[in-house]
Each structure stands twice: as structure tokens, then as C-alpha cells.
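Put chain B on the given structure of chain A with help from the hints.
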Amino acid sequence: MKKISSKIVSSISILLLLLIGLSRLFDFALRQNCNLKASYVQKAKINADVLIHGPCEPLWFISPAIVDLQTGLKSYNLALSHSDFADNYLHLYFYLKNNTAPKYLFLFVTPESMDANYNTFNTYRFAAFIGDSTTDSVVKECDSSYFVWTKIPFMKYAFYSSKINFDALQGLKHNFTHRTLPHFADGYEPPLQIKWDNHLEEFIQLYPKGYTFKWSPLREKYLRKTIELAQQKGVKVYLFETPVLKESMRYLPNRSEIIARIKILAAHYHIVYKQFDYMKMADSRTNYMSALNLNINSSRIFAEELGKYIKSEQFQNETPTIH
Amino acid sequence: MTFNSPSFFLFLFIVVTVNYLTPTSFRSKLLVFASFVFIGLYNFESLLTLLFLSSLNYYLAKKVVANRFFYVFTVALNVCAILLFNHFSTFNTGFGFSVFSAHFSTDKFFIALGLSFYSLQNIAYISEVRFGRMIPETNIINYFLYCSFFPKIISGPVMLPAEFFPQVEKTTITASELIMGFQRLLLGLFKKMVIADRLVAAVSSVFDFNSDYAGITTIAAAYLFTLQMYFDFSGYTDMALGIGKMLGYNLKENFDTPLRSTSVSEFWRRWHISLISFFTKYIYYPVVYKLREYRKAAALTGIAVTFIISGWWHRIGLTFFCWALCHVVYLSFELLTKRWRVKLSEKINKRLYQLFSVFIVFNLVCFSNIFFRAESFEKAIRLVKNAVGNFIPKNMLSGFVAPLAQGGHQIDEFNLFISIFLMVTVLLFERKINLVAKSAHLRIAYVVILLLLIMVFGVFNSGARFIYMQF
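Line by line, the protein sequences are chains A and B. The first sequence begins at 1 in my numbering and counts up one residue at a time. The second sequence begins at 324 in my numbering and counts up one residue at a time.
None of these hints come from the bench; they were simulated from the model. Among the hints, a few may not be true.
Here are some, though not all, of the chain B residues that point toward chain A, as calculated from beta-carbon distances under 10 Å [stated by the list, open to error]: (1) Gln733; (2) Ile741; (3) His764; (4) Ile767; (5) Val770; (6) Leu774.
Pairs of lysine-lysine, BS3-like flavour, derived with a Cα cap of 25 Å [what the hints assert, rightly or not]: (7) A:Lys225 with A:Lys140; (8) A:Lys97 with A:Lys45; (9) B:Lys661 with B:Lys619; (10) A:Lys2 with A:Lys103; (11) A:Lys7 with B:Lys755; (12) B:Lys575 with B:Lys755; (13) A:Lys43 with A:Lys2; (14) A:Lys7 with B:Lys761; (15) A:Lys3 with B:Lys761; (16) A:Lys274 with A:Lys263; (17) A:Lys74 with A:Lys236; (18) B:Lys761 with A:Lys2; (19) A:Lys195 with B:Lys717; (20) A:Lys311 with A:Lys233; (21) A:Lys209 with A:Lys246.
Even glycine gets a Cβ: it sits at the ideal position worked out from N, Cα and C.
In isolation and in its complexed conformation, chain A is listed as follows (with noise of 0.2 Å):
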């Protein structure tokens, strides 16, 4: 019974002792990885005078290159594809931490936003970052069946492995290779070359009724915080949307209604919510991969159209007022 308990004892030090030090080896790996934009914005002096933010449609749509030739000012693509506005603040936070607070935060938002059943919170993306109060706050709130296991050695994760292994292994290449820009420099990703996805069908097919989109309060809360937290650091904060499929606009019925109350948030903190619905590529599904994306050329028109209103605001914002 003796021989037993100590085998015991010893399986389980051996065990803890390699799961500490893979847990330092991950935290240390995954804080080298440059494509990781929670990683990179918090090593690198990116100093933009722009910052573009939101989910996949932002990341896919707005070349920074695009905008700067507009405008003259540094821009970075800040978005994360399937991201949600908790998401969005805590990347925000990593960026405000390291960088200078840039003039302008366009933060991406529509009816899709504000409804849970689109996009998320990927947890995973933060798992380096448990131990900063701020991240544990979030991560607790919005996945806390996840940040139960987060006391235990490695379990951090081990929780999403499939999403963190590879990350991980980047990320030590990237330090053994002393490399220092991630894949994507700026931030944008260019959109795949699909011309039509079909997910539209789909989407008619499941809600022949249309879909009703439903208001969260947690994503309202953290589009606050995320307000909030740009506003403190003097940035001015624009809401905007791309142009949306008009034929995709029936299946949607209190979309407008869900337009509205966002107009009334954005009011409440004196900000503009920019829509860009008067633009002609709303009316053809030939400019689009799907009804909310657009295809790689018509993206490149709106990037251009939104470094317009960008030099623009700059413009007003920046010519003396006559008293």
C-alpha cells in the first residue's frame, strides 16, 4: 500500500510539474506569436491614426491601404472574423495598453451585432492573457464554464487545444525567427474568391418567415464599454454598417427597428452611426459573397468610400470653428 501511495504521489508531481512548465512554455509561445493580434498589439508600436474594428465584415472589407490613400493618416485593421463586442473591447484594451490612442475607432456595428446568435466570444484568443483583472472579468462573464478550469495548471489550454496548439507552435517559430510583422501587417485579411455562397438560400429555406433579430443585453453592454472605454482615452468613435443587400432587407423585418435603438445608443454618447445605404452596390447580389459581405471588388469601392468620409470628418473635425 506504501509503494502504491508514493507511485501515486509521484504520478501526480511529475504530472503537475510538466504541466506547469507547458503552461509557461504556451504563455511565452503564444505571447511571441505576431499573427495573433492580441499578441502583436500589445508587442508592437502600431501608433495608428485610424483604427478600424468589429467582426469579419471590417476585417475582410477595409484595406488600410485603401483608406490612407484617402485620407494621409496611418490606419490599422484592428477586426477579428466571428468576433463580438466583448471580444472586440478586450482587443481594444490589449491595443490601448501598448499604443497610443488613435484619432478616429470606427467600430463595425449592425442588428447582426446585437443579436447572440451571430458571431461570438472566442475565448481561446485570450487564454495568454488569464491574470490580467480586466480579461478574467470578461472572460468570466461571457464564457464562465471555461474560466472555472482556468485555476487548474495548463487547463487554460487545454480547454480549446484544437484552436491553441498550432498557435503556439507559431508562435515559438516566430521567436526562433526573431520575426516581427505578422502575415497580415495592417491588419486586413483580403476576402476569399467566392462569387456567390449561397447562404442566403439557406438562411430563406431555415426562416421561411424571415428572422427576427433579438436585442442582448451583454452585447449592448460591452459596445458600451467599448464606447466607453475609446472615449476615455479622448479617441472619437464612429459606428458604421457596409451596405446590405436591399433583396436580403424582407427576410429581415425589424431590422430597422433594431437600427433605430442602435441610433439612440449612439446618440446617447453623442457619436455617429454611419450608414453607408446609399451606395448603388447594395441594389446587385453580383457585388456580394453573401447578403452582408461583399465580393473582393465591390469591398475595395467601400474602403475607398469610407477613406472619403473619413478625410472628410477629418476635415470638419480639424478646420477652427468660426465664434
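Leaving out everything else, chain B in the frame of chain A:
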């Protein structure tokens, strides 16, 4: 609360500890109580169904010896339970996700946890009593334990009465049994979390979407599904056997390296052994005996009836009928060509013949599993057509790897590669790993390596489902 959920480990720790400390005479009562808690936590309707059916079988068993009507009635009752289970689980997509359900629904009484498994055990018990091979159990607690023992309630193994009841009176649980059980449980967790659950994405991307992939992709998905099912189900069985061992019970082995079989008949002696033993004893042998004067025709009829019923036991529908039909054809062919194949094997290098046979058997099993996995007959036919047409895509990366790696991002390709690497390693060293897992001595290296692999490569957020939970 399934075997790979965190709450289950807390439950298991409490039950194993209390069971170890409890006097022998109270153990069966404790385990019945624990099993009822386990089932009740899944949903209360499952517990009520089990109590109703078990009690009915227990009381009717006393009457079946003297009266044939009661025997037929009791068997029919259990068959109806399985039929209703299959009917409702086919049309209830939410099955298996309703943990801690608060609301009653009629469907839940029929898709009760483990119903189709313990109904088979009830049939076995009633038959054994009817034909005088055992006397009816006099202690209802023991009978409840036979039906509801929580390590085997979800998906078996199907225990025959003679294999289970003698163990109820067992007096001691040794430290070696606890170690053996723990090591076996760990192996099961590893198979489930590190291999089976990691293969889900690759299999699902071909079977669950309506895209027409290249032949090689479809075939790879069929291979991966067979392997996923093997690791999922054998992983579950390892866990069930490990937990049983820790509680002082030897449950029946369900797998014996089946993917190394050189014939389909050998495959069925090594795959889901407990179910096939049941069908062989209570369906195949009686049919063959009844038709014994027709010799080969009797055996062929026995195979056909056994597999059609086995397909029907899994699910009523065209896909499972086709799956069963495939095995009827394979086994009939083997039976009719036995002499010819023996002669052929003598002419060819033995090792080469074995390897070739393993390859053929594996492919035949994978082909039948397309029907097992496909959500509809139309989808299965479409997959079969895809498998034979446009075999090699123009671009191997986008046409072959990307669909299996969920679009072909580097991270998904990496995950696919790791899964396949781990799976092949386990398959190559399977017998040695099994030996260590069944060892009565605590193997530090084995325990540490498995736990480490589970932590680094395990899937913790899979939703805790096992493939055979749906049957």
C-alpha cells in the same frame, strides 16, 4: 452527465470511495441508488421508464416458467420498447442533449437513457428463466442493479444474466482492481477525447454538408468515420469497464482489435462482441437450429435474420437496412467461398495474404459504414457516387486536404495531421497499450503520458456525446 464530463468525475469519485468503504451487504443497494441518481440526473423520465420496465420484467419472470403466454408477452413488451425507442429517437433530433431537463415530455419516456440496451438484457434474462438455465432472481435490488448499473447503462456492454449476477455477491475490492480500473478509464478517455473527438470535424465536413467532394475525399471520410466510431465506442467501453472494475465488477469486453480482422466474420467476433454474442445466442442459433436440415441455407438465413434485426435494433430506416444488407452479403460470400479462399491462401505468401485480407475487410466495413453514418438514404447514395467518380481532384490541397480540414487553414490541417498521427500510433501499438492499461500495477509513465496527451490534445468542449448513445 456522460463519462467524459467534469461533473461525472466528481460523481464517480464519491461513488467509488463510498462503495470501497461500504460493507459488502450494502454495496448493491448503494450502486442501485448511485445508478438511479445517474439516470435521474440525465432525465427523470428515463428513470421512471427503467423502474417500470425492470419491475415488470422482474415480476413477469416468475410466471414465464409455467406459462408460455407470459414469456411471449414479456419478450414482445421489450421488443416494443426498443421499437418505440427507435421510432422516437429517429424523429427527435434533440436526443442526448437534454441534461437536467425540467419538463416532462412523452417522447422522453421512450427515448430513455439506455432503453434499447437494457431491454436486450431483459429479453436475455426472461429467456434464461423460461428455458430453465437459471432460476428467477429473488432480490429485486439485484435485478435493478443488473438493468441499471450505471457504467453500462448508456451503451452497454450487454451483459447476460449468467455473467452479471454471480458478481453481485462479490466480497472484496482490492487496490489492484482500483488501479486496473483507473488505468482502463484513462485509456478510454484518451481514445475518446484525443482521437475520436478530434476526428469529428473531418468526418462531419463530408457527411453533413451537401457538397460533392472528390472520390478520394469521400473515401478518406468513410475511413475516418470507421476509425472515429471505433475509438469513440471502444473508448466508451474502456471507460465502462474501468469504472466497473473500480466498483468491483468485471464487465464484458466489447472489442478485440477488430481492425486487424482478416475476414468479416472475424471482424464480427471482435467488434461489439457483447451485442453480437446476444444476437448469436438468441437469434442466429435458434434460426439455424430450426432450419438445420437445410445446412448452408440455414446458416445463410440465420445471418440474414440476425443482421436485419441488428440493423433494425440500431435504427429503423433504409440506411440501416442497407448497412445490414452489406454485412449479409459479405458474410454469405465468405460462407460460400470458404474452401476456395483457403486454397488461395495456401498458394500466396501468408503474411501478404493476411495484409491483403485486412485491407479488404477494412474497406468493406468502411463502405457499409457510409450507410451507417449518412443522415438519409439519398445522401448515402450520393456519397457512394462521389466515392467512385472524379477520384483524384485537380488540386490535391484544395480538393482533398481542405474539405477534411474544414477549409484548409494551416491550423485545421495541423489538427488533422496530429489526429491522424496519434490515431496511427495507437493502432500500431494497440495490443501493447491494452496490456499496460489492464495491468494490476500502477504504471507511472503510462498514466503521466496519457494525462499529458489528454491535456495537450484532448477536446474538452465536444458536448460530451458518444456515437452509440443514440442507439
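Hint by hint, here is what the structure shows:
1. Of the supplied interface hints, the one on Gln733 of chain B holds, with its beta-carbon coming within about 7 Å of a beta-carbon of chain A, less than 10 Å.
2. Taken as an interface hint, Ile741 of chain B checks out: its beta carbon lies about 7 Å from the nearest beta carbon of chain A, inside 10 Å.
3. Of the supplied interface hints, the one on His764 of chain B holds, with its beta-carbon coming within about 8 Å of a beta-carbon of chain A, less than 10 Å.
4. A cut of 10 Å between beta carbons decides the hint on Ile767 of chain B: the least distance to chain A is about 5 Å, and the hint holds.
5. Because the smallest distance between the Cβ of Val770 of chain B and any Cβ of chain A comes to about 5 Å, under 10 Å, the interface hint for this residue holds.
6. A hinted interface residue such as Leu774 of chain B counts as satisfied when its beta carbon comes closer than 10 Å to some beta carbon of chain A; here the least separation is about 6 Å, so the hint holds.
7. With a CA separation close to 16 Å, the supplied pair Lys225 of chain A and Lys140 of chain A stays within the 25 Å bound.
8. The suggested pairing of Lys97 of chain A with Lys45 of chain A holds, with an alpha-carbon distance near 10 Å, which does not exceed 25 Å.
9. Restraint check for Lys661 of chain B and Lys619 of chain B: satisfied, since their Cα atoms lie roughly 12 Å apart, inside the 25 Å limit.
10. Between Lys2 of chain A and Lys103 of chain A, the direct Cα distance comes to roughly 68 Å. Violation of the 25 Å bound is thereby established for this hinted pair.
11. In summary, the hint linking Lys7 of chain A to Lys755 of chain B is supported, as the alpha carbons are separated by about 21 Å, within the 25 Å threshold.
12. Pair hint Lys575 of chain B plus Lys755 of chain B holds up; C-alpha atoms about 20 Å apart against a cutoff of 25 Å.
13. In summary, the hint linking Lys43 of chain A to Lys2 of chain A is not supported, as the alpha carbons are separated by about 51 Å, beyond the 25 Å threshold.
14. Pair hint Lys7 of chain A plus Lys761 of chain B holds up; C-alpha atoms about 17 Å apart against a cutoff of 25 Å.
15. For the hint linking Lys3 of chain A to Lys761 of chain B, the alpha-carbon distance of about 19 Å falls within 25 Å, and the restraint holds.
16. At roughly 9 Å between alpha-carbon atoms, Lys274 of chain A and Lys263 of chain A fall within 25 Å of each other, so this suggested pair holds.
17. Using a Cα cut-off of 25 Å, the hinted pair Lys74 of chain A and Lys236 of chain A holds, with the two alpha carbons roughly 15 Å apart.
18. For a cut-off of 25 Å, the pair hint linking Lys761 of chain B to Lys2 of chain A stands: about 21 Å separates their Cα positions.
19. This hinted pair checks out: Lys195 of chain A and Lys717 of chain B have alpha carbons roughly 20 Å apart, not beyond 25 Å.
20. For the hint pairing Lys311 of chain A with Lys233 of chain A, the CA-to-CA distance comes to about 22 Å; that is within 25 Å, so the pair holds.
21. Between Lys209 of chain A and Lys246 of chain A the CA atoms are separated by roughly 17 Å; this keeps the pair inside 25 Å, and the hint holds.
Going through the hint list in order, the structure does not satisfy hints 10 and 13.
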